[in-house]
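Peer 1: So the chains spell out like this:
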Amino acid sequence: MATDSFAPLLHAYFDNELDLVRSLELEEHLKTCPDCAQEIWTQQTLRQGLRSANLYHRAPAGLEARIRAGLPRENKVVEMPRRNLWNWVAVAAAILVALALTWRMMPSFLGHTGSDLLAQEVVASHIRSLQPGHLLDVESTDQHTVKPWFDGKIDFSPPVKDFAEDGFPLIGGRLDYIDHRPAAALVYQRHKHFINVYVWPESEAKESRARLESSEGYNIAFWERGGMYFCAVSDLNTGELQQFAQLLQH
Amino acid sequence: MPGVGNAGRFEQIVLPHLDAAYNLARWLVRNQQDAQDIVQESYLRAFKFFSGFQGGDPRAWLLKIVRNTSYSFLEKNRPASLAEEFDEKIHATETGGPDAEAEMVRGVESRMLQEALDAMPVNFREILILRELEGLSYKEIAEVVNVPMGTVMSSLARGRERLREILLRAREKEGLRGH
Numbered sequence: 000m001a002t003d004s005f006a007p008l009l010h011a012y013f014d015n016e017l018d019l020v021r022s023l024e025l026e027e028h029l030k031t032c033p034d035c036a037q038e039i040w041t042q043q044t045l046r047q048g049l050r051s052a053n054l055y056h057r058a059p060a061g062l063e064a065r066i067r068a069g070l071p072r073e074n075k076v077v078e079m080p081r082r083n084l085w086n087w088v089a090v091a092a093a094i095l096v097a098l099a100l101t102w103r104m105m106p107s108f109l110g111h112t113g114s115d116l117l118a119q120e121v122v123a124s125h126i127r128s129l130q131p132g133h134l135l136d137v138e139s140t141d142q143h144t145v146k147p148w149f150d151g152k153i154d155f156s157p158p159v160k161d162f163a164e165d166g167f168p169l170i171g172g173r174l175d176y177i178d179h180r181p182a183a184a185l186v187y188q189r190h191k192h193f194i195n196v197y198v199w200p201e202s203e204a205k206e207s208r209a210r211l212e213s214s215e216g217y218n219i220a221f222w223e224r225g226g227m228y229f230c231a232v233s234d235l236n237t238g239e240l241q242q243f244a245q246l247l248q249h
Numbered sequence: 000m001p002g003v004g005n006a007g008r009f010e011q012i013v014l015p016h017l018d019a020a021y022n023l024a025r026w027l028v029r030n031q032q033d034a035q036d037i038v039q040e041s042y043l044r045a046f047k048f049f050s051g052f053q054g055g056d057p058r059a060w061l062l063k064i065v066r067n068t069s070y071s072f073l074e075k076n077r078p079a080s081l082a083e084e085f086d087e088k089i090h091a092t093e094t095g096g097p098d099a100e101a102e103m104v105r106g107v108e109s110r111m112l113q114e115a116l117d118a119m120p121v122n123f124r125e126i127l128i129l130r131e132l133e134g135l136s137y138k139e140i141a142e143v144v145n146v147p148m149g150t151v152m153s154s155l156a157r158g159r160e161r162l163r164e165i166l167l168r169a170r171e172k173e174g175l176r177g178h
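Heads up: the protein sequence lines correspond to chains U and Y, in order.
Residues in the first sequence are numbered from 0 upward in steps of one, following numbering that gives the first Met the number 0.
Residues in the second sequence are numbered from 0 upward in steps of one, following numbering that gives the first Met the number 0.
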């Protein structure tokens, strides 16, 4: 055991918290006091043990996404000075021309919309839908009620199927607006999580398997089938969302 | 424009310290699920107070919030765990000389360290975690725990002493069982 009057100082020395003068004094003392020298050695051994023993608990996977999803979002307003407006119109026109020229080279809708932008748009729409009273225009677990509800409201007929037996019950539908056009939103539930499936027709759609992305803590699956684009978004984990996307693709 | 970009700045400055936040909460409440809830609540609080964050060390700032949230949780759900005191009588341990002591401390397994830390009173446990696992300086620990630096120094000395005693006892018991 260390000499009593030196005990707390010994720890400060060990932790590199002593000023230079007192450090030198303590080092002098250590030369003549085997007990204190031994104490430093014991502490060093203990520290090595603590640091090599896997005692540090890292945050579990998913916690960061949970935190991000829970943080309040802010609405960013971009104000554009009037006198610069025509410059921006010129830039926008140039971008449109460039887009038109490269249109045919893009292999899929993800190319022409920019998958990140689309992901952000569907996530924003998903969050908006979860605000009170926004989720459902038609509330029904019956696919034969939900599907005809869209008749006359949009110019296409989205495939509607209930997957209650697989643990993903249909709870209704809603009219929404994605990628500058009306889209059907089908709403499913998985335990306490909601899944929005956005469907809209696209002449360039090919058959493709689901691609997973994530944005702002939400997971998104995109795929193309039968001349339509599908986009499922939820705070479900990727595994369950993928399982759900596979059900819809069959 | 006040407020604009605040969320982005918060994510850049405070989110990288998620592991530190979780590690502290996990050691304070000793339960995975409670620690996750506490960390999430702490981040919400931190976000709310973020406009008042004047720079300085964001990790210590966040850990202070995590600590306060953890203590509120313990007060509400497990008040007994806050009432633990050092049993000062335990100091009379006979160890068989400093050499033998160092030798015993060296052979300690990580399970024993885990149990020994868990057995410490929470106010000493947190200072050891912040110093040894998180590597905080005395000044940063003083900020997180809200005590003077001198108290950090004496608490560390006492906490380490106690940790060593618990370990030596555990080793002695193992030794008895082994023979």
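Take the hints with a grain of salt, since some may be wrong.
Partial list, derived from the structure: chain Y residues whose beta carbon lies under 8 Å from chain U [stated by the list, open to error]:
#, residue
1, A6
2, L17
3, D18
4, R25
5, V38
6, F72
7, L81
8, V107
9, V121
10, E131
11, I165
12, R170
These are calculated hints, taken from the structure and not from any lab test.
In this text, a Cβ means the ideal position worked out from N, Cα and C, and glycines have one as well.
Peer 1: Out of the numbered hints, which ones does the structure contradict?
Peer 2: 6, 7, 9, 11, 12
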